[in-house]
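Can you build the whole structure from these sequences, using the hints too?
Residue numbers (this note's numbering), protein chains in the order written: chain A, 10 to 525; chain B, 495 to 806; chain C, 106 to 325.
The hints are all genuine.
Here are the simulated lysine-lysine pairs, DSSO-like style, with alpha carbons at most 30 Å apart:
id, chain 1, residue 1, chain 2, residue 2
1, B, K546, A, K246
2, C, K255, A, K441
3, C, K255, B, K778
4, C, K255, C, K135
Just so you know, these hints were derived from the structure itself, not from any lab.
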Amino acid sequence: MTLFSAGLILIEGDAGQRRHNVFIYLLMMHAGTAAVIATFFLFLPHAPGLDFAAMRTAAISMPPGLRAAIFLLAFVGFGTKAGIVPLHLWLPKAHPIAPSPVSALMSGVMLKTAVYGFVRIAFDFLGSGPAWWGYLVLAAGAVSGVLGVLYAIGEHDLKRLLAYHSVENIGIIYLGLGASLVFASQGASSWAALALVAALLHTINHALFKSALFLGAGAISDGAHTLDIEELGGLLKRMPVTGTAFLIACCAISGLPLFNGFISEWLTFRSFLAGGTLADLPAAIVLPLMAGTLALIGGLAAACFAKVYGVAFLGRARSEEAEHAREVAPAMQASMVVLATACVAIGILPGFLLRPLGAAVQEFVKGAVLPVETFSIARIMPWVALAVVAIIVLGRVIRGATRVTRTWACGMPALDSRMQYTSTAFSKPLRKVFARVYQPERHVEVVSDTSGYFPAAISYQSVRTTSFERSLYRPAVDAIVAAAHRLRRLQTGNIQIYLLYIFLALVTLLVFMRFL
Amino acid sequence: MTQALNVFQAVLLVLIAPLLRGVIGRWKARIQNRRGASVWRPYADLLKLFRKEDLVPTTASGLFRLAPVVLFAVTVAAAGFVPVLQGSALLGTTGDFILLVYLLALGRFFLVLGAMDGGSSFGGMGASREALVSTLAEAPLLLGLAAVAILARTASLAGIVQWTLRQDFFELSAVHALAFAALAFVAIAETGRIPVDNPATHLELTMIHEAMVLEYSGPSLALIEWASAIKLSLMAALLIAVFAPWGMATTATGASLAVATAAYLAKLAVVAAAVAVLESSVAKLRMYLVPDFLGVASALAILAVVFTALMR
Amino acid sequence: MGLLEFAAAKALASSAVFLFITVLLMAAAKRISSCIVLFSAQCAVLVSEILALAYVHRSPEAYVVAGLVFVVKVLAIPYGLFRIVDRLNAPREVVASTSSAQSVFIAAGLILLSFFAVQPYVRTLGVDEEMLAAAVALVLTGAFLMVSRKKALMQVIGLLVLENGIFLAALTTTFGMPLVIEIGIFFDLLMGVLLMGLFVFRIRDTFEHLDVSKLRKLRG
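This is the structure:
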């Protein structure tokens, strides 16, 4: 899967930065795979056949230390492949450089296979575990969700923004999984089932709306030849079908009602709310507070997508390319329309998905019966949708006269496209409030003219590096390289030294065998 | 009978909204030693706007005229969730307060998009500031309601109302006090009153909501103004229902209905007086102090949630 | 139950809540006059509690203490502080090293800390958990106000809140200290506030400001 996707990325060329990004992608995926294989190695002595049933029965009788080791290895391995913070570094490097359909597949499907693997090992094979497993997953989910969306708000390259949003949504999925693990450790199996249904439904929803968004990005790149939203604008009038489908996908990913993202977020909220009634004190405090985190993540995501849609599709075009954008081919339109329709359908009638998910979850959470109110959202959503649509239709029908006029410009002759808010300007208040996360650097250069009083030129540069690269990866990479340098001394080039190594190994082996 | 009453209370919330705004305006004027406009002025304003024609900027797409309709539809649908006269609501179900909060978010999302469609700097500015305020206000809103819901061991507004009706009036618990403080702060931010936003200004330095609707006119503006008034009425009804629901009808007799209506109007008058006094005595916050204001609300809401576990 | 018993029971049950509210509002307050009013309200809550306990334990001494607290702490000291603020003619804002929201978060954390800190003593001493936690929270918040606020007047208010906490702790564990000690503490406080009032003007006249952080220049 990794190799094929790397190959697909390289179809579009392997210039310097692209090669570097693909290299990092392959490296981290390899590390994740190593951790996953290590998990299976730990199973080997107890379940020689490595089939699911054998592993399930073997896990019951394993000592707690071994189960914890398996859990941690699976968490790290599948977490790298899913893209939780701080193992997410490859996501914003690899997803943006791929062709849009490949990005859609990578974000929509590949990340979910990692989630599937983690659910399989943590829920199915290992069964329930101590509460700290759940808290670890909750922490990873909360951090990924908040940091992912905060980094996304600062971006104006559409695909990198969408890649960071994938990190955020994986965080939301992990929040649901963590809640389920905490409930399972407390014995509240029906709420554990609800949380797991919420997480699984969010994987499906994310696959749908993220694919629609990436395909929309591909359509924009095809129609307007740029993916920098600061150069776009007014695309809705020029690409109506793409614009409408993209709007539906934006509403879905922001978790707004009548679209599918809301259903899974509602279920996650409901399970956190139930956590407040648990008897165990830490769980009763942490789980409702995670609801607050989820609310913050949802609010930030809605703000970010209002920015994206408003700057890219509405208002005036900011460049020649956007001015002359054309609608894309019918096949491309059809793919986006299908996905958008699915988002709306699940958002209004989620019952037909909830029932099979509920049945599927039964085998993961032992002895679980979904709480009665799981389907209350499925019962009320059609009515809410009906009420809203009815009033909208009424409002459209009762129309008065319309007159087209110029935008109010405070009495000045005309507005041009550069007087609109840019994406950087829109996100500035939020970036300023969360400045500790971004830690931006500013470089201002002023060149003054001959008189010395007035500047001839001012250059302003704002640099945002994601802090994980600086604080986590650089030191780790430097440490590994330093260790490798020291190991270099083994390679002397002298053949007799190499023969000595073999001789020493033989002697040590004999000594060990004697004393075992 | 109860279903008809549910419909009636939703309609009541929608229709009484401009009156609430008018009363607040008039009392504010009296406090500021002016005479003030008539309390029925907002109705006259709405009628006037509905009769005018809609001006649409050249840059606008179809979304520009769709946004006010969506905002109005969503706010009216949200009015169906709040118990006003009795302990149930038209669209009430478990977990309905989450749906309520996010329905309001849907309306705000479309209003922000409509603002950016105008193609002017004012629209972008209002949209960006509104994005900041609403993002930071969502967490305390949900946490405050969640704290009361956990205390009442239920997840629906109707359930909270019924649980509170069974409690003793003098049982002041820390959770209620903290959640009320947090929700009061958030209600001020969500409805755009002083000290977060001035609903009567058009100075670009101080506008948040007004900047977003600067391009709108005619029926579109009427729908937006009405929706914003309904939001104020909704927030007031929500606070009353969650924290002071005594007086609501528990039986379907005419007498209990009359008592419930009188109680609701009295409590609404108290809310209007509180808002009028607050707006006349406090200055509007500088915009980058609003995150601080909402941070205090978040701290109170988090403390409320933690107290539900500690003071069991 | 008679009306007085009812009132006494309610006062005892809800005073902890009111104290927590005053603690949080004081952390969030942006004006010195708000802090003084909140301090006065805090002392009024303490007075209501002493009256309730006096009624329950039927102790006439406690009524005297309640009257003393009312006169000194609810009326005299806040009046004195308002007079000082007036005559100082200084800006009325609370200048702090933490913002409003950060202060409330820290105060909330201190309240939670006090809950966890009093757990072992609740069982051994047989006291009301909330009241003792409120007392410890008052002490911690008073100390926090003294640490984070830069104006000299706020240091005084922090000290007064701290003393409130100690007084409340004594009240809950032993139902008050002997009357003589109570009177002694009150006179201490009164003298302290009067002296601070004098010194505040001296500091202002010598250094032209009241910013405590700038007094660091008094170094060897």
